[in-house]
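Novice: Chains as they are written, first to last, in the numbering used here: chain D, 1 to 239; chain P, 1001 to 1821.
Heads up, none of these hints are tricks.
Computed cross-link-like contacts, DSSO-like style, restricted to lysine-lysine with a CA-CA straight-line distance of at most 30 Å: (1) Lys1194/P to Lys172/D; (2) Lys63/D to Lys1194/P; (3) Lys1760/P to Lys183/D; (4) Lys32/D to Lys1821/P.
Honestly, the hints are just simulated from the structure, not real lab data. All figures in this text were calculated on a predicted structure; none of them were measured in a lab.
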Amino acid sequence: MSKSFLIDTTLCTACRGCQVACKQWHDLPAEKTINRGTFENPADLSFDTYKLVRMREEVINGKLNWLFFPEQCRHCIEAPCLETAGDPGAIYRDDKTGAIIFTANTKRLNAAEIIESCPYNIPRKGPDGTLAKCDMCIDRVENGLLPACVQTCPTGAMNFGDRDEMLALAKKRLAVAKKKFPKAMLIDPDDVNVIYLVAYEPELYCANAMASNAVFDITRQVALGRMIRPLTNIASRLL
Amino acid sequence: MTNHWIDIGNSDCILIMGSNAASNHPISFKYVQIAQAKGAKLINVDPRFTRTSSKADIYTSLRSGTDIAFLGGMIKYIMDNKLYNKEYVSSYTNGGFIVGKAFSFKNGLFSGYKTNDIGPLRGKYDKKKWAFEMDTNGVPKIDRSLKNSRCVVNLLKKHFSRYNTKLVSKITGTPEADLLKVYKTYAATGARGKSGTSMYAMGWTQHTVGVQNIRSMAIIQLLLGNMGVAGGGINALRGESNVQGSTDQCLLWHIWPGYLKTPRASNVSLAAYNKKWTPKSNDPLSANWWQNYPKYSVSLLKSYFGENATKANDFGYDWMPKVDDGVDYSWLTLFDNMYKGTVKGLFAWGMNPACSGANSNKTRKAMGNLDWMVSANIFDSETSSFWKGPGMNPSTIKTEVFSLPACVSVEKEGSITNSGRWMQWRYQGPKPLGNSLSDGDIIMELGLKLKEVYKEGGAFPEPILNLKWDYMTDGLYDPHKVAKEINGYFTRDVKVKGKLCKKGTLVPSFSWLQADGSTSSANWLYCQSYTEKGNMSARRSKVDAPNNIGLYPEFAWCWPVNRRIIYNRASVDLKGQPWDKKDWVVRFAGNVKNGKYVSKKWIGDVPDGGWYPLENPDGTKRKDAKHPFIMRKHGHAQIFGPGRADGPFPEHYEPLECPVEKNYMNKQRMSPVAPVYGTDADAHATCDPRFPIVGTTYRVSEHWQTGLMTRPQPWLLELQPQVFVEMSEELGKLKGIKNGERVKVASARGSLECTAIVTKRFKPFKIAGKTVHEVGVPWHFGWRWPVSGTEESANLLTPPTGDPNTRIPESKAFMVNVTKK
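Given these sequences and hints, build the entire structure.
Specialist: Next up, the structure:
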């Protein structure tokens, strides 16, 4: 049984403990930032930032909202990045957890293609061409620990466990959220292992909160296209 | 907190006002949202829409410094609509007490007011004018039917009759419809079995009316019967993990450990001291717990001076420092005296006054007048390096600075006491780095050195030489020895409660402490925390109490005597049965015979005294019962509070610096008794066109206090790299300021550069028909970190005034201007 996250944004207070815990566990350096007229920082995900809490001020039905969205890799069930790469030494799925893992060998992939293949715009390229993103804290999970972001979350917004448990919890939480937020929904629950519960339209939270059907399908077609052209990949690697 | 963190989850309505709990107490939101999931309403009132507001069912704004107007309107709403719990108010509060005829309130002044010529106090009240009428036995006259026109609730109703929503809205800027929505929702918790809680922090305390802000809420809680119940209470969210513990252990100048009084010069002997501070009640139904005062004061002296404290020498009372009568020694006054050159030495221990004190320019200049300063901290700070800070000329500063490297909290063993009064033991993680030492080790060494030096002579060496100072094991500070000392020992074989207690054994709880020197206790409130059964604060049982409301009585330990919700005997009716049948705190379960209770038994939380309830099941009154508010002289909670410096009822006064020419509620613009400091560094300006914008200060999740522990931490600096000023889009447009642009924020006292956050989360206020803007700046920054040196403390802006009771500075409401750089 694969593992899943449920990220209940209706409970997220944007304390950003998850963002720091992620850096701490992965020993990622801090980025040099400035205040850009918002609490949100750094400006984007990066090779050194796998998790970023997006903050949006939105007036909905005449009422101000501050929407929080801890953005990270969705660990797709059919992952376009993995399919695009077609190189299990660089991107593979961990069978036990369902985690999509990027290795140091991602350096040999065409980074732009991989990034383009992701319907959620997650992977980022390092200075030497290596790609990086959330690894589900697979080293922690394999040792019976929760991912660092889940461990640190004070409010219960971040949840992690067996996929069927998380789906059940998602259903329960959605029912609760619907009472207050009639438009509440789960984002792409059938396609991903990181399921977000949002109170309003996903696009209000973050540009790539949801894989729009069109984008997802096209990307997958692209990915499949790449898979039947393995020689091209090999050729480009040889070059 | 009268209650505790987990208990917030039991509430039916949570009012967060004067706090941004989601940002500054992130874990509290676990319990807030547990309550919400069960249907509780979250109300948030804040000048700015915050992370807390983002989760609120009802959010509305108010202008900083107008909380009493807002809450006074709620008191009026509750009284006008008779939404109070009459049985609770009449039986448990002083609502029925008859106030003497000398009490009055006219033109914004309570009776007994006299102006004061010598600063910083502007005036003073003769509190005798506010006394209750007494019967021939010296017990307050009480009209439990609440009909007498001079009883407290009727005076309260009269006092707040002026606080109509129209006038409140004119002062606060809160729309009337929002006021009514908040009042209605919160007042609904007055129904029996419903609870409402209040979560507040510095947003209420840091005002010239700070104490009365909290008094206003306490009055509301008493009217609605919300004190002592699960999901109720007055809950101060403390800003440091152990600030509750350090306050309990007398961090502040006016108290000894356990909230005993610091002796005044006029308390010339131990007997005089005890007589002065031990309240007397002639009411047989009043427990008047402080009647035990001498037991606690003598046990404290025995702890300080050990064998050297004897009955013959007043247990060393003469060795304790005395403060002059009527003189204040608080932070603002200390730095005022330092600025004037009369204070010559300073220990800045785990503190960063250069950034944390109000009017920091004055604080920084004041430190230049010192002969010496010792800074014990984990990093170099704006304080220890003040002499090379902005605007300083090191060659002219003679202050000698000693820096003592302290280790960090996880590197030492000991306890912290959280906001919910839970004393929690922590084991040591890694060993201290390098030459850094725990505070305990630094203090022990300092004490030993002082003893050594004083042996050679000096002025008044007795206090140092006689001090018991035996808290080391193998040359190192031993936190267990100190924890046991705080709990207390029997100092000789003694029979107490019919039991022989052996010399050197730990006292089981404070009811065993004695005034004859046979017991010691360095803090009576913590007596029971470390007993012969072991270290109670190290317990970690996850088993709940039978009432199943999250008390977890064997997880850590809580003062007093492990009572998790204080005033809990007010959670039951006169017969001892809970108002709330579901989330009950305590209930009386004694046997009944012929309609009378015949045996004593309480279940649930540790009750506030195990006496019988006031009434038997058949409704007859008992003579062996006690009123539930046992810490009050008369056993009743105080809706009328005649002990405060600024009046027995709260009243709206404007801050020292405000945007209005006059107070629309009464004829006194600002608190007539608030101190205002008057050196050349204490400039202030109200209704001054140079400073037309209301300013406030606050915190963010990502930094801690002055930021000294967090600004050198790259991961946290990545999240919040720069000091910012938040303002409305309207103000941004008015000033031509764009989001993300660097701007200058200035007050009459100082200025700093900030990054503008132009946001929908601030909105201009309509105050008395005029548009008033407000901005806010976090106070976590300072020039030492980040290394750019460009980020400064918001306390450069804050004003030279504070609350007349506590002298906490008015850091939450003052006037500024914002200009393009």
